[in-house]
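With these hints in hand, go ahead and build the complete structure from the sequences.
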Amino acid sequence: MVGLGDGVSVELLKAGAREWGLGLSSEQIAAFEIYYHELVAWNERANLTSITDYEEVQIKHFLDSLSCLQVLADCPEEISCIDIGSGAGFPGLPIKIVRPEIRLALLEATGKKADFLEHVVARLGLTQVQVLRARAEELGQDAEYRESFEVALARAVADLAVLVEYALPLLGPDGIFVAQKGSEVEEEVEASKSALKILGGDIEEVRAVRLPGLESPRHLVVVRKVATTPDKYPRRPGMPAKRPLGRA
Numbered sequence: 005m006v007g008l009g010d011g012v013s014v015e016l017l018k019a020g021a022r023e024w025g026l027g028l029s030s031e032q033i034a035a036f037e038i039y040y041h042e043l044v045a046w047n048e049r050a051n052l053t054s055i056t057d058y059e060e061v062q063i064k065h066f067l068d069s070l071s072c073l074q075v076l077a078d079c080p081e082e083i084s085c086i087d088i089g090s091g092a093g094f095p096g097l098p099i100k101i102v103r104p105e106i107r108l109a110l111l112e113a114t115g116k117k118a119d120f121l122e123h124v125v126a127r128l129g130l131t132q133v134q135v136l137r138a139r140a141e142e143l144g145q146d147a148e149y150r151e152s153f154e155v156a157l158a159r160a161v162a163d164l165a166v167l168v169e170y171a172l173p174l175l176g177p178d179g180i181f182v183a184q185k186g187s188e189v190e191e192e193v194e195a196s197k198s199a200l201k202i203l204g205g206d207i208e209e210v211r212a213v214r215l216p217g218l219e220s221p222r223h224l225v226v227v228r229k230v231a232t233t234p235d236k237y238p239r240r241p242g243m244p245a246k247r248p249l250g251r252a
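Here this note's numbering = 1-based position in the sequence shown + 4.
Calculated from the structure, these hints are not laboratory results.
Beta-carbon label-pair distances, calculated as ranges: (1) 114 / 240: 14 to 22 angstroms; (2) 59 / 24: 13 to 21 angstroms; (3) 19 / 231: 37 to 45 angstroms; (4) 129 / 22: 19 to 27 angstroms; (5) 206 / 74: 18 to 26 angstroms; (6) 114 / 231: 28 to 36 angstroms; (7) 24 / 56: 23 to 31 angstroms; (8) 240 / 218: 32 to 40 angstroms.
List time: in silico DSSO-like cross-link candidates among lysine-lysine, alpha-carbon distance up to 27 angstroms: (9) 246 / 197; (10) 116 / 64; (11) 116 / 246; (12) 185 / 64; (13) 201 / 236; (14) 185 / 116; (15) 246 / 236; (16) 236 / 197; (17) 246 / 185; (18) 185 / 201; (19) 246 / 201; (20) 18 / 64; (21) 185 / 18; (22) 185 / 197.
As the structure is a computational prediction, the values presented were derived from the model and not from experiment. Here a beta-carbon is modelled for each residue, glycine too, at the ideal position from N, C-alpha and C.
Right under this line is the structure:
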């Protein structure tokens with residue numbers, strides 16, 4: 005099987021990370037190689053991703069995930085972080101490989117995907133990683149997890165107006181939510197403002213990110229928690245997506 009250790013791919017990953025000031029060690033490169041092979045091996049039975057070409061995985065999964073560190077660069081090393089709707093572990097696991105001190109929770113409601121996450125965490129020998137088999141709406145009303153994280157991440161999960169209802173109840177005061185979005189983000193940002201006001205969030209930054217070989221930029225929408233989220237949010241499972249806050 006072609007993997008990350010085959011020259012071209014190693015340099016692609018290393019060069020892309022280097023542009024963001026991230027120097028990857030040989031141990032970290034080896035971890036990404038293991039991750040890639042496990043992703044491909046599990047993909048058929050767990051339906052993890054449509055992207056399996058090794059160069060595409062590095063750009064559209066690994067480097068895309070690591071782009072979040074542009075926002076988190078100044079955060080303390082041992083921050084508590086939750087990856088909402090983690091799926092195959094993006095963006096949480098690539099970030100954990102590069103920033104091993106982070107205390108990471110991977111939130112995934114789909115059983116087979118959660119099985120994969122538990123497997124790959126063990127395979128990589130990662131510590132301080134918790135796989136949570138639940139929906140964000142349930143976790144946000146759980147006293148153990150509500151307002152317990154400093155950072156929340158989400159990629160390709162839902163519309164921004166929905167995501168903020170998943171994320172903000174989980175963040176403590178002054179917490180940061182980073183939503184990874186595609187090239188067209190302006191309408192989503194505008195449509196989320198009513199929900200943000202209700203939930204105690206404020207958009208701090210919308211940062212364009214360039215990935216190697218991709219013509220259009222992606223965007224990191226950075227939301228700061230500026231007020232306490234009312235107790236009734238998040239609403240019961242399914243409601244945030246069915247009836248986003250602030251929508252007629």
